[in-house]
Amino acid sequence: MEIKVLGISGSPHRHGNTETLLDSFLDGAHASGATIEKVVLKTLQYSPCRGCNACHKTGECVVNDDAIFLYEKILASDCLSVASPIYTMGITAELKGFIDRQQYIWARKFILKTLYFSDDHIKRHKGIFISTAGLGWENVFDGAFPVITALFNTTGFEYYDNVIANDMDRFGGIRNHPTALKDAFDKGMEIVAILEKLKTGS
Amino acid sequence: MPIKILAFAGSPRRHGNSEILLDWVLASMSEDRDIRMEKVVLTEADINPCRGCNACEALNKCIQRDGMDIYHDKIIEADCIVLSSPIYCMGLAAQVKALVDRAQVFRSRKYVLKLPVVPPERKGKRLGVFLSTAGQKWNYVFDAAIPSVKCFYHVIDIRDADIRYLMINGVDEKGAIEHHPTAQADAANLGKETVHELKKRLGL
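Protein chains in written order, with my numbering: chain A, 33 to 234; chain B, 698 to 901.
Isolated chain A, as found in the complex (with noise of 0.2 Å):
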């Protein structure tokens, strides 16, 4: 059974910390033999959402860009990991442009009623917050959890759990956290496992 994992990596610094989790974790479902995909957003063309609403009455979005067509993969994935550094204590505007895009699903499933994920779908959905923090802090995730929530919330993905590291300044990088990255392969090959349980039902 193919298992289909996507990572979308929200961070506009190419091969920083947190894009080099996200690899960490979709190698090791890559390992566990998923289907691995990543996105990078910077590398996409789409506006954030302009609250026009009209998708409330349409269920479809009146800008086509490259964040419909990335809805489309997400929907269509077994796992979503999304990843961003913290910017000022929240996820990056570049991945709350695109979350904010998902309005037309939100739309189909609490104003139109045509879309709806039954509690076996969302089960066999896993989501994955996967994040580096520049700061120390313990609540430094705090102000992205319920964002993120959010996102896998609207697109039917059960949070399943978060791969994150604060006090990158510190540590000077993620390469040089004691478990950070060995912990994102673990969860990557873990997750992939259940849902293969899932799939077959044994």
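Rather than coming from a laboratory, the hints here were simulated on the basis of the structure. Predicted model only: the values in this text are computed from it and were never measured.
Subject to a maximum C-alpha distance of 20 Å in a straight line, what follows is the list of computed EDC-like cross-link-like pairs (lysine to aspartate or glutamate):
| no. | chain 1 | residue 1 | chain 2 | residue 2 |
| --- | --- | --- | --- | --- |
| 1 | B | 889 | B | 859 |
| 2 | A | 74 | A | 97 |
| 3 | A | 141 | B | 870 |
| 4 | A | 74 | B | 763 |
| 5 | B | 889 | B | 728 |
| 6 | B | 896 | B | 818 |
| 7 | B | 847 | A | 174 |
| 8 | A | 89 | B | 870 |
| 9 | A | 105 | A | 92 |
| 10 | B | 807 | A | 201 |
| 11 | A | 145 | B | 869 |
| 12 | A | 141 | B | 869 |
| 13 | A | 145 | B | 870 |
| 14 | B | 771 | B | 859 |
| 15 | B | 811 | A | 201 |
| 16 | B | 822 | B | 894 |
| 17 | A | 74 | B | 743 |
| 18 | A | 89 | B | 869 |
| 19 | B | 701 | B | 770 |
| 20 | A | 231 | A | 151 |
| 21 | B | 701 | B | 720 |
| 22 | B | 847 | A | 170 |
| 23 | B | 834 | B | 875 |
| 24 | B | 897 | B | 729 |
| 25 | B | 771 | B | 743 |
| 26 | B | 834 | B | 883 |
| 27 | B | 897 | B | 731 |
| 28 | A | 231 | A | 152 |
| 29 | B | 889 | B | 720 |
| 30 | B | 889 | B | 735 |
| 31 | B | 701 | B | 728 |
| 32 | A | 36 | A | 222 |
| 33 | B | 896 | B | 728 |
| 34 | A | 70 | A | 34 |
| 35 | A | 36 | A | 228 |
| 36 | B | 807 | B | 857 |
Got chain A; can you put chain B on it based on the hints?
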């Protein structure tokens, strides 16, 4: 000496709930003849997201040339900075997050280069006002936005205790805030109180 108010309307939807709330506060402020204000509509302000390059830690300026060139200076010159944002997906609208993240240059100036953001005689005299609206009724709907807002004000030398908040939940459709029982009066009071406090601090 006029009191300078710089206001950012963060919603991509023009004249929606968060902008109406902002307009109420600004109207109340402008009743005082010492007030000079500028309202900036963020979707028209050409502010790109932060690139995370950290160049500002060495250069003390951003390497991007866009609308922020102007607003960087205006943020320093203002006595009061008003920020309004709707809540989208439990957080600040992406356009507002872009502005907030671009304040990184102030953070680098303050914490890395240890240089002043405002001249010493203006420190502790500035105020911030955060205005927000949310469609959801949940009382925790603003919680994830606030840490980013606090960071934004900290790095531009506006202390925690000097930030005022007016956040109205349960207003979704355009103009719904007009029917809110207290929002307009609260906005008017907030505007008045903020001007009063600014005048006190500036010795006017």
